[in-house]
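J.: One letter stands for each residue in the lines below.
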Amino acid sequence: MRHRVKGKGLSRTPAHRKATFRALTKALVKEHRIVTTVTKAKELRRFVEPLITRSKEDNNLNRKEVFSALQDKETVKSLFAEVGPAAGDRPGGYTRVIKIGHRQGDGAEMAVIELVDFNDVQPEAKETKKKKTRRAGKSSTKKATAPAAIEEVAVDNEAENVVEPIENASESNSVTESTKNIIETLEMNDDSAGEFSQKDSDEE
Amino acid sequence: MAHPKRKISKARRDKRRAHQAISEVTLAKCSNCGAFHKYHNACPECGYYRGRQVISINN
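Line by line, the protein sequences give chains S and W. Here the first sequence is numbered in our numbering, starting from 16 and rising by one per residue. Here the second sequence is numbered in our numbering, starting from 80 and rising by one per residue.
Only chain S is shown next, with the shape it has when bound in the complex:
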């Protein structure tokens, strides 16, 4: 019977907490991707996700409810115009939180929180692969494919072995190219994006 365990206080009064979530939501809806502390990012999900669910269906009541939570016309407008429709049939889980290490200064653990529908690049193949390896039951199918791949490599000529890495390299280049563009558009700091692309070209 331990009550009041839901949510995090964030060392704020209720009003302060509400204001924090409003500000974070405003930024997230506008930028589709923000950097904040892990705790705030995780708490923000509890605040934003119901609002996005509301914004999937555009009617007077939903708009009123969302506005009462946010008190910001512009954010409500872009929620119903962009974010809601983009969510489509997604049954919740509109945001993604990725930890990115610690902040210098106070050592707080930082995270990126992003709207999944606006930041879906090309992780699909990778993600399904990882999921497969995690399942104990499916390891048999994986084992079946893995030795076959090894045999192929063994049988293949040296020339083909040379060709394969180059193909892989060009693939990864195109991947980084697409993500780079997205990141350049997302990053507020143009300089950092430029430096990043420079570094990328060096690697090529």
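Don't read these hints as lab results, they were simulated from the structure. Where is the CB? At the ideal position from N, CA and C, for every residue including glycine. Everything hinted at is true.
Each computed DSBU-like pair below joins lysine-lysine, with the alpha-carbon atoms no more than 35 Å apart:
#1 S:K55 - W:K117
#2 W:K108 - S:K23
#3 S:K114 - W:K117
#4 W:K117 - S:K41
#5 W:K117 - S:K23
#6 W:K117 - S:K45
#7 S:K55 - W:K108
#8 S:K21 - W:K117
#9 S:K57 - W:K108
#10 W:K117 - S:K57
Ranges of calculated distance between the beta carbons of each label pair, as one might list FRET restraints:
#11 S:K23 - W:H119: 14 to 24 Å
#12 W:A90 - S:T28: 43 to 53 Å
#13 W:A114 - S:K33: 39 to 49 Å
#14 S:A34 - W:S88: 47 to 57 Å
#15 S:D104 - W:A107: 30 to 40 Å
#16 S:R118 - W:S102: 16 to 26 Å
#17 S:K21 - W:A90: 46 to 56 Å
#18 W:K108 - S:D135: 24 to 34 Å
#19 W:H119 - S:K45: 19 to 29 Å
#20 S:E72 - W:A114: 39 to 49 Å
#21 W:G113 - S:D73: 43 to 53 Å
#22 S:R61 - W:T105: 24 to 34 Å
Calculated Cβ distances over 10 Å to all of chain W for the following chain S residues:
#23 V20
#24 P29
#25 H47
#26 R60
#27 G122
We have chain S already, so just place chain W on it with the hints.
T.: Then chain W, alone, in the frame of chain S:
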């Protein structure tokens, strides 16, 4: 008010601290650049997490 009767000896103090060691952080190898990164964290070297660029690194 109650007070300590004796100074805690070095041995006693150090024995108490024997169990206060900090454990090592488990690190994983980045699938993109091979650098070490914390589990469930984006790679600090290249900004990749699960095969995707999540942060831009400006060195």
